[in-house]
Amino acid sequence: MTLNQVSISPVFPLWLIFLLLFFGLAAAVYQYWVIRRKLGNPRAAVLSLLRLCALFLLISFALNPSLWARKEQKVYQSLAILLDTSQSMGLPGAAGKGSRLDEAKGILLNGPAPLVKSLTERFDIKLYGLGESLKSLEVEDLAGLKAGEKEGDVAEAIDRLADKHSMAVLFSDGNLKWKEGPSKRLPLVAVPLGDPKGYKDILIKTIQAPAMAFRGREVVIDVRVKGYGYKGLTFPVHLKDGSKLITAKNISFNDPSAEVTIPLSFTPEELGPHHLSIGIPPQFGESLTSNNAVSLSLKVMKDKIRILMISGSPSLSYRFMRMAFKNDPSIDLLSFVVLRTPSDIINVPLQEQSLIPLPIETLFTKELKSFDLLIFDNLPSHLYLKPIYFESVREFVKGGGSFAMIGGPFFLDEGRYLGTAIEEILPVRLNEKEDYRRDASWRVGLSAAGKDHPITRLSPDEAYNLNLWQEMPSLDGINLLVAKNSGTILLEGEGDGTSQPILTVGHYGSGRVLVLATDYSWKWYMGMVAKGKDNWPYLRLIERMVRWLTKDPSLDSIQVTLPEKRGWAGQEMEIRFKVGEEDSLSRRKGFVSLSVFDPQGLRIKSQMKTAGQGNEYLGSFLPEKEGSYKLKIETPASRVEENLVVSSPMEGLDGVPHPEQLKIISTATGGRLLSREDDLLREIETYAERTESRFVELRSSALWEKPYTFIFILILLATEWYLRRRWGLV
Amino acid sequence: MEAIVEELELRTSIDALKERRIATLSDPDLFFCPFLYVAGKYAFEPFTPREREILRRYITFGGFLFVEDTMGAKGFGFDQTFRKEIKEILPNRELKRLPTDHPVFQTFYLIGNMGGRQKVNAYLEGVTIDNWTPVIYSQNDLSGAWARDKFGNWVNECVPGGEGQRSSAFKMGINIIVYSLTSDYKKDLVHHPFIKRRQNL
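Protein chains in written order, with our numbering: chain L, 684 to 1413; chain D, 7 to 207.
Excised from the complex, chain L in its bound form:
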């Protein structure tokens, strides 16, 4: 014990303690002066000194002296063992037998001296799986551990483990996330797995492709291909639409590890969603072939809506419709108006006629598919069309085209459509006789379906829309028809005590059909102008008829938001969709449904719930395998289909081992990169010694708490008492 180990902490002010000491000294001197006459100087001095010591000790307790003890202990190190469980750890390891994860398991569990066992004897170890998140493991879990997660974040793991462990050992191939910059909170010793020199692979690293394209316009998809170990060889990169090859290009690598970007271009001609795939045939010796292909979805839309309109005669119906079509820059109209029938007498030489032959055969045998919408406007078709062309129209609609018939005296062509393909596709039943009525005035009103249908819902405001249709002028002529069960009546005409369908729509095959049973719809234009109002209701009606028929997405009351990031098989996918204000009936009555179909076309389980506002929905499903999933969202008034590509977890995976990444990480953390050839146990131990820390314990104890101090005082006082008795003072 040295004076450095003693500390004081006075319980009274120091001046009071010194005053008491002074009084003690004074008392001892007085005692000496009184008893020295009886006992003589030596004996009086002994007694007074004994008293003085006892007093001093008692008073010095007021200084609260303590004794400090310092004890240093060696810390038993806590070691975190991290096993990378990302996808690339499932690729072949260095020896070529088993995966990289198996290689790690072998080091830890197998051999005459399993590393885990050896480390457990020397350290306090804890095992972790490092994937998308950090998971705590037991030694027993190691055998069943599988690779397949997303890349782990080492910086994040260090943040979590730094307070619990003094060192970490990482088993990885280096395909990890790492935030640049030193982080010496937890030294990390890395053990590299896999063989970068022997790794051979070709992968499609990234693709840059538009989500949608326009029919007839070139689409360019930039494909970035990376190759390892295939220097000098040439490979084809092909682009397929389903199973149909669209285009292919060759690539070759100049370096053992090289990247090449090639553009693949094509011009889509068919509308709708396309499931495209880009692929490279598997090569001999490739470590991973499932990253040779990438799937993507491309929605092909119309840049222009192409309409073919054939009118039976010049008419106001034709002129106003033509005006409406020409008013819309997205419509490309090709119209033919029959200016004279075979019975009309033109009576002038050819050079004075402007009439042109109707190219019926070309139109109906070759060109029809290039149009989106075919319109027969009051057409006495038997004069110009052979029945075989009706078959062409049916096939056109069945394949996704659209067809509209506009009424008038020649609409039914004197019953000649009966039993033809035209009768089959129309949403109305046809009569044998011409049933055109011009003897009454027909007031037009919205049917129940018409109130919510995108064609007749000219305004999102339900009441305003209803009022708008009530204001529309009456029609002077209509065709008397009966809607088929498959047809939906949107507008009804009230006249002579009966109700007649005026606007009827339906579906046939993949296409849509519409019948407007009047040639007086132009009155809806001029009637509003006559009232001093705007002409937009008629223009909007015609525009919406065209857009509904041609399935224009802008008219969909359902707007779908697909996830921005590509989804993986086994990962829940979420989609958001919104039902427009105009489809209020569906929302009110809960007629909104979501169906999801897997790549084989089988319906799979999906969930749907409202999200945010009442017209927003959140749908979800769990794709079990990769491929193109079809989503169908339906309301009674609308239906939207979208394709969502679910990728394979291996898609785009660059699995080459990156020991240099491990070196960067370990150096930044103050650790080091080991080699598989090293004696790992010794290396870890050696490194652990360097980072070994000791624990120093400091303990203080108050002297007045010690019994020996009181015994010493008692001895002083007892000795004084004994000597007093001996020397005859008591």
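Think of the hints as simulated: they come from the structure by calculation, not from any bench. Careful: at least some of the hints might be erroneous.
[Claimed, not checked] Simulated crosslink set (BS3-like; lysine-lysine; CA at most 25 Å straight-line):
hint, chain 1, residue 1, chain 2, residue 2
1, L, Lys800, L, Lys833
2, D, Lys202, L, Lys1009
3, L, Lys1216, D, Lys93
4, L, Lys987, D, Lys93
5, L, Lys1052, L, Lys985
6, L, Lys1009, D, Lys24
The structure presented is a predicted model; accordingly, all values stated were derived computationally and were not measured.
Since the structure of chain L is provided, determine the placement of chain D on it from the hints.
Just chain D now, with coordinates in the frame of chain L:
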């Protein structure tokens, strides 16, 4: 006018109603008559501001107006009054000569010569809004050339061209009516090579 309707039915696929309907500018059904025919020889009472507004609206929003000065000479009362009125009705538009490639000369017949009772002008005039000419003005008295008596005889002689000039008047009348129902249909690209070839014959 019966003669032009008969010829229209005979020569074209148009199914016309043979009835005369006289409308005033204040008629609420005016807008349901998308082809208005106005003819006269003499000066007429100027339109009221209300009538001008109705006519402006009618012309601007889809109506068609065919106006004829039947005097058979230039610069008389009707011509003066009409020119003044159309300027009042459409102050930002001008009554201009229609070019020879205007669709009205190509809608049914390819017309190179103007007909009429009197060949006052070798052209038609009109007011064009975008690609549509809702006002067409003739001073050749086309209707005078079409007129027949109840026995089917021509009421007026056509001078100086005679029957050829009458024939041209019918062709022009049919073209104007077809134009009012098809607008610039003949300007569609599909017609262009045919028309050009025939004009070069």
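- Message: Does Lys1009(L) sit within 25 Å of Lys202(D), going by the straight-line distance between their CA atoms?
- Response: 24 Å, holds
- Message: Check whether the Cα positions of Lys1216(L) and Lys93(D) lie no farther apart than 25 Å.
- Response: Distance ~24 Å between Lys1216(L) and Lys93(D) Cα, so the pair holds.
- Item | Proposed proximity, Lys985(L) with Lys1052(L) (alpha carbon, max 25 Å) | At roughly 13 Å apart (the allowed maximum being 25 Å), Lys985(L) and Lys1052(L) satisfy the hint.
- Taking 25 Å as the top limit, are the C-alpha atoms of Lys1009(L) and Lys24(D) close enough? 31 Å, violated
- For the pair supplied as a hint, Lys800(L) and Lys833(L), confirm whether the alpha-carbon distance does not exceed 25 Å. 29 Å, violated
- Message: With the threshold set at 25 Å, check whether the alpha-carbon distance from Lys987(L) to Lys93(D) stays at or below it.
- Response: Given pair Lys987(L), Lys93(D) is violated - Cα atoms ~39 Å apart, limit 25 Å.
Comparing the model with each earlier hint shows violations of hints 1, 4 and 6; every other hint is respected.
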